[in-house]
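Residue numbers (this note's numbering), protein chains in the order written: chain A, 1357 to 1464; chain B, 94 to 300; chain C, 7 to 591.
Partial list, derived from the structure: chain C residues whose beta carbon lies under 8 Å from chain A:
| # | residue |
| --- | --- |
| 1 | I208 |
| 2 | L236 |
| 3 | P240 |
| 4 | H284 |
| 5 | F288 |
| 6 | F335 |
| 7 | I336 |
For the chain A half of the interface with chain C, some residues (derived, Cβ under 10 Å), not all of them:
| # | residue |
| --- | --- |
| 8 | L1431 |
| 9 | L1434 |
| 10 | C1435 |
| 11 | L1442 |
| 12 | L1445 |
No wet-lab data here; the hints were simulated from the structure. Cβ atoms here follow ideal geometry from the backbone N, Cα and C, with glycine treated the same way.
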Amino acid sequence: MSGSHADVSKHVRAYVAVFIALAIGTIVTVAAAQVHIPHPMNYVVAMLIALFKASLVAAIFMHLKWERAANIWILLALCAVFFAALMLLPSLTTFDLPKQAQRIGAWG
Amino acid sequence: MSTQTLPYTVHPHPVTGIYSGKFGTWLFLASEVMLFGALFSSYVLLRVGAPEAPSPLHWPSHEETHLSWRIGGFNTLVLIVSSVTMVMAWASLKMGDFSKGRRYLWLTFLLALTFIVVKLSLEYVPKLRGGYVPAKSTFFSLYYTLTGLHGLHVIGGMVVIGYFLGPGAALWKRDPEYYTNRIECTGLYWHFVDLVWIFLFPVLYLM
Amino acid sequence: MSSHDHHTQGHGSGAHHELSFWRHYVFSTDHKVIGVQYGITALCFLFLGFCLMMMMRWQLAYPGQPMPVIGKFFGEAAMPGGIMLPEFYNSLGAMHGTIMVFLGVVPLLVGAFGNYVMPLQIGAPDMAFPKLNMASYWVFAVGGIVMLVSFFVPGGAANSGWTSYAPLSVIATMGQTLWLIGMVFLITSSLLGSVNFIVTIIQLRAKGLSMFRLPFFVWAQLVTAFLLLLAFPPLEAAGVMQLMDRVAGTSFFMPEGLVVSGVPSTVAGGGSPLLWQHLFWFLAHPEVYVLILPALGIVAEIIANNTRKPLWGYRPMVYSAIFLGFMSFIVWAHHMFMTGMGPTISTFFATTTMIISIPSVIILTALVISLYRASIRFTVPMLFALAFLPMFAIGGLTGLPLGLPASDIPLHDTYYVIGHFHYVVAPGTIFGIFAGIYYWYPKVTGRKMNDVLGKIHFWLSFVFINMVFGPMFVQGLAGVSRRLYSQVGYAHGEAVQSWTITSSWGAWLLGLAQIFFIVNFFMSMRAGKKVSDNPWEATTLEWAAPSPPPHGNFTTPPVVYRPPYEYSVPGLAKDYFPQHAAAEA
Ligand code: HEM
Ligand SMILES: [Cu+2]
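Given these sequences and hints, build the entire structure.
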């Protein structure tokens, strides 16, 4: 990453902005939980907010916004694919089983 | 011993555009994504598989878990602030201001300590005393495992930051750029720890 | 630059030398020393794993009979009167698998060959993170020690198989806890190592060494490192969860209503035993490619060198290796057809499994075609490499029926499976390892291993190893289960007992054949023929360094001018054209 002083001091302003956004994000997460969105939509909302906050951290604090190294991007893409595979795992186990067997204990 | 000069420890590789330490840190973080990914995926699987309310095995609502979102929210803020101080430490070093960088590092360290102290004294100990032990239910199994592993990561981060405040600081005199790079790598790790908590907080405290 | 450092450091004062022994041979950061440390440690574990197996083979061949000579050393808890108890048999089986895979083969392929050869082949002075490299060795060593200690705790070592399936593993004796702790160390070590490997290969290649000029071995190591990096963490997570289940009484993998030996279990329940299997195989399928890819890399090097031709299809091989690595993450549930997954999922995983066999076949085919019309040098490493090809083919082809649910259902968990994957890892990978040892021994020691002993070792091993694993297909097709204490007493088992006895004798004879290797290995250190830096007349960079290479490896940093296997280039006087030679000397 380029690292002249001017660049870095520009970053500093971005850091403060992200901090404010993250704080607001946290408040929104808590607020959303108070209004009792029915399950499973409550997870969806919470995860969307978390994803937004996490992207800010990754982009600004972890400098991905300024990162030009292709290595890192390839790595992250690979990681995202396998992460998705991992996340499929729960649904894989259940979705095409007969209804009564979908509860874990029923065949465990 | 290893005064032997390895290339690209400090300066970026002309083709890949990064120095080795940073690349290594990202690789390590990729493996961490898979580690926590597996735990999250276990959470989903166990959550989806849990029976409905009258069953004793149903998933507890957050009223039943007695986990306080106030404490969790406070710790969230602590970690977010610590991420800011961490990145400020790096920015100050980058601009050549060692003592300012050091101050920010100390702040980060103290915030991490705050997180751990709050976690232990206000959450773990009272919960364990009150019978909310890991064996109580699948939810508490997950709660203790996830937060425990995350806590270990926080402590690991404290060790690293502590090292660069203490014996590791000598590197600044020898090679300021190298030192700054290492703080950048520490920062990458530290932000990742923050990032994990951003997901843990709603999932454990608010659902 | 590095050579200069070497000089100024090499001639320290006497006091310096005192420290040097420890820093040079024990806590060294030199990739070559670490490679040798890994190699020696892992060979010892390989031998141990083999010994455990030879004991089990006695029980299988002559069930209920006291084991001659060594039986009486194991005490009442394991072998009263020299007769092996079923619990002890289970421990031996589980630890054989664990030790072979995690403490023997992977540390040899990656820790030893990868560490020693890879930096040389890319012309680097060392690994990118030398201290991390040392740390991964020592973390590995601790993991190994924990595994060894577990044999001596009450109840003996882990006995739930190398797969450690829950809920059995959760209610097992204390050895299982140590197994989990040991695994966490071994996984951590692998993670540190893989980070180091990837950074080294990407960042530290010599000038002119583009990715497509890398020897195939380095490519194999790169893909392997990615597999270790991204597949191992889920097992680490799962290991921690199982540890919690055992130590803190949680129920990640424990269903409700479990009854153990007639007594209802007290755990809260609500967990899923299948979750363990998913997480385990998410690692363990990529792990089988970790067991084979570097061996393919070794074999490719040796075939190119001894056919005196460029590898046929180098690029397709590289692409296949990458594709193989990628696909290996989405085939894991072919180990779980019998767990009651629905048909849609089973079909998906059967399909991916069929797809992943294609790149393996491409690599194997390319290697076979490379032999076509070559004037082959039948050196000892080449013999092992040649034998590797059909053995790996048998292993791979017998795997196809296991990847299809319909044929897997009768074959699952029989000796057919044991036969299948041992053809891959024993006459496959282990032969690859032997080939590598014979091939790179001159680089490490400056001396060659004895040819006659090597050939005897090869032929005996080749015959006996087939005598061990061939009969297992027959047993398996007859329906004999794996992890079975004794097949005598079952009609279908007794019908094929003679095959089992044959297999056992094969194993013991195979053990005896290794004496030729062990003698050769140690004898050649002192008495082996002294050879030049490049005794095989090879083209890749490791042969440009002195034998043994000094600290910092190369006297001058090498520059690379051409692809890795320029053999028999028309119009040149010599039949090989080293990568680092600017023009023909
Ligand atoms: C060359 C000598 C070897 C012999 C004679 C041998 C023999 C056997 C036999 C008979 C079993 C089945 C035991 C049972 O089901 O009760 C077995 C299991 C196994 N072997 Fe080997 N093996 C050898 C080498 C290896 C190598 C090199 C590896 C790994 C790289 C390996 C990995 C395993 C594994 C993972 C199992 C499964 C253990 C379990 O059931 O949990 N073996 N071996
Ligand atoms: Cu598999």
